[in-house]
Amino acid sequence: MPAPFPIPQNPPKHTLFEDVQGFAIGLITTAIGLSFITQLGFITGQTAGLALVISYLSGLSFSWVFWLINVPFYILAWFRMGPEFTIKSALCVTALSLLMAYIPDWMRFETLNPLFGIVAFGILTGFGLLGVFRHKGSLGGLGVIALYAQANFGIRAGYVQIAFDAALFAVAFFLFPLDRVLYSLLGALILNAVIAFNHRQDHYIAG
Amino acid sequence: MQNEDQKAAGHSLLDDAQGYLFGTAMCAFALVMLRTLGLVTGQTAGLAILISYVTGWPFGWVFFVVNLPFYWFAYRRMGRAFVMRTFVNVALISAFAELFPTLVAFERIDPLFGAVLFGLMTGAGLLAIFRHGGSLGGIGILALYFQDATGVKAGYSQLAFDAVLFAIAAFILPLPLVLYSLVGAVVVNLVIAINHRRDRYIAM
Numbered sequence: 001m002p003a004p005f006p007i008p009q010n011p012p013k014h015t016l017f018e019d020v021q022g023f024a025i026g027l028i029t030t031a032i033g034l035s036f037i038t039q040l041g042f043i044t045g046q047t048a049g050l051a052l053v054i055s056y057l058s059g060l061s062f063s064w065v066f067w068l069i070n071v072p073f074y075i076l077a078w079f080r081m082g083p084e085f086t087i088k089s090a091l092c093v094t095a096l097s098l099l100m101a102y103i104p105d106w107m108r109f110e111t112l113n114p115l116f117g118i119v120a121f122g123i124l125t126g127f128g129l130l131g132v133f134r135h136k137g138s139l140g141g142l143g144v145i146a147l148y149a150q151a152n153f154g155i156r157a158g159y160v161q162i163a164f165d166a167a168l169f170a171v172a173f174f175l176f177p178l179d180r181v182l183y184s185l186l187g188a189l190i191l192n193a194v195i196a197f198n199h200r201q202d203h204y205i206a207g
Numbered sequence: 001m002q003n004e005d006q007k008a009a010g011h012s013l014l015d016d017a018q019g020y021l022f023g024t025a026m027c028a029f030a031l032v033m034l035r036t037l038g039l040v041t042g043q044t045a046g047l048a049i050l051i052s053y054v055t056g057w058p059f060g061w062v063f064f065v066v067n068l069p070f071y072w073f074a075y076r077r078m079g080r081a082f083v084m085r086t087f088v089n090v091a092l093i094s095a096f097a098e099l100f101p102t103l104v105a106f107e108r109i110d111p112l113f114g115a116v117l118f119g120l121m122t123g124a125g126l127l128a129i130f131r132h133g134g135s136l137g138g139i140g141i142l143a144l145y146f147q148d149a150t151g152v153k154a155g156y157s158q159l160a161f162d163a164v165l166f167a168i169a170a171f172i173l174p175l176p177l178v179l180y181s182l183v184g185a186v187v188v189n190l191v192i193a194i195n196h197r198r199d200r201y202i203a204m
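As you go down the protein sequences, you meet chains H and B in turn.
The letter at position 11 of the first sequence is residue 11 when you use full-length UniProt numbering, and the numbering goes up by one with no holes.
The letter at position 57 of the second sequence is residue 57 when you use full-length UniProt numbering, and the numbering goes up by one with no holes.
Treat the hints with care, since some could be wrong.
[Stated by the list, open to error] Partial selection, computed: residues in chain B whose CB lies under 10 Å from chain H:
no., residue
1, PHE100
2, GLU107
3, LEU112
4, VAL186
5, ASN189
6, VAL191
[Unchecked claim] Which chain B residues stay away from chain H? Per the calculated CB distances, all over 12 Å, these:
no., residue
7, HIS11
8, PHE22
9, GLY38
10, SER52
11, LEU68
12, ARG77
13, PHE82
14, VAL88
15, ALA91
16, THR102
17, LEU120
18, LEU127
19, GLY140
20, TYR156
21, SER157
22, ASP162
Hints were generated in silico from the structure; no laboratory data involved.
Glycine included, each C-beta is placed from N, C-alpha and C at the ideal position.
The shape of chain H in the complex, shown without the other chains (with noise of 0.2 Å):
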């Protein structure tokens, strides 16, 4: 539904502060919502579900698991994407290790239910990725393979994230409890349908 009013010709920029502030309440969110489904043995899709199928599976912790699985991504993310995007990938993904490995000694839960649990995984990290994204940020990871694949094998990328995550919870059928997949995949659900329904370029404008 169109609203009465057209879109700016530029879009206002947002400042350094303003960059800071959004990464940091995206990166903070996006990291409580991760505690949530770690104290519960979930996983979810993308780099982080394969980082927390392996740490789950190697008794690793999850902050050095996911920040050495996406350092690879940052040499090809360095040649497709340039340098200040891989910079604050390289950024976003480490202060998310950080926070990772910090928040079990600020907070921990004494009860969860898990259905409570996965569902406030998928918007805190649903939300918090939208914050990330909106200030031009990312988690580095899969999204630059599926855009290199799409440029050279003429996949789309959408497609490729899907098949990834796919292969991820088909593993994960073999190696976890039904249940503990299933309360998985409802999270990554809600997850893509907070970032589906918000990530939206004439919604919000700024760059």
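Knowing the structure of chain H, use the given hints to seat chain B on it.
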């Protein structure tokens, strides 16, 4: 690049519904953390928290009842649709605030971390409610009314209300808790001041 012909898209009913659900759930969850820590905040939510601390009555109900008188002012000044949206948002927060503690409990929260997190989450929640044309009613409406009647700026009367609330809290709560509460209130207001901009988020 956008061109002049493009229009800002409006919110559909579903857009608004998910905005309100997100906003009220965020605010209610933040309030659960706040009460776990024994902190307070400003505005009607702060008044409701103080009353619930002193009397032991459940916060959700107190918040719901405290807001009732304000609907009359809201109706007179802002019209029926606004009152309906406000009522829905207040009712959702009241219900969530009673429901959530049955689903999640904290073993520990660092008070400074909790206060900052309360501020970020409440700021985000209120931002979503405001961007979708909703409100939590309360003191803000009364302050606008007061401004019309006396010329005292609405911002000042809201500030005065919060000052009185925190002054009372200072007598009831230990000093560190009052200071942590102030941190939380400052973060809420910063998040809203920085992000609530009609020139950035333009959907109606």
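Q: Please flag the earlier hints that this structure goes against, numbers listed from lowest up.
A: The structure breaks hints 4, 5, 7, 8, 16, 17, 18; every other hint is satisfied.
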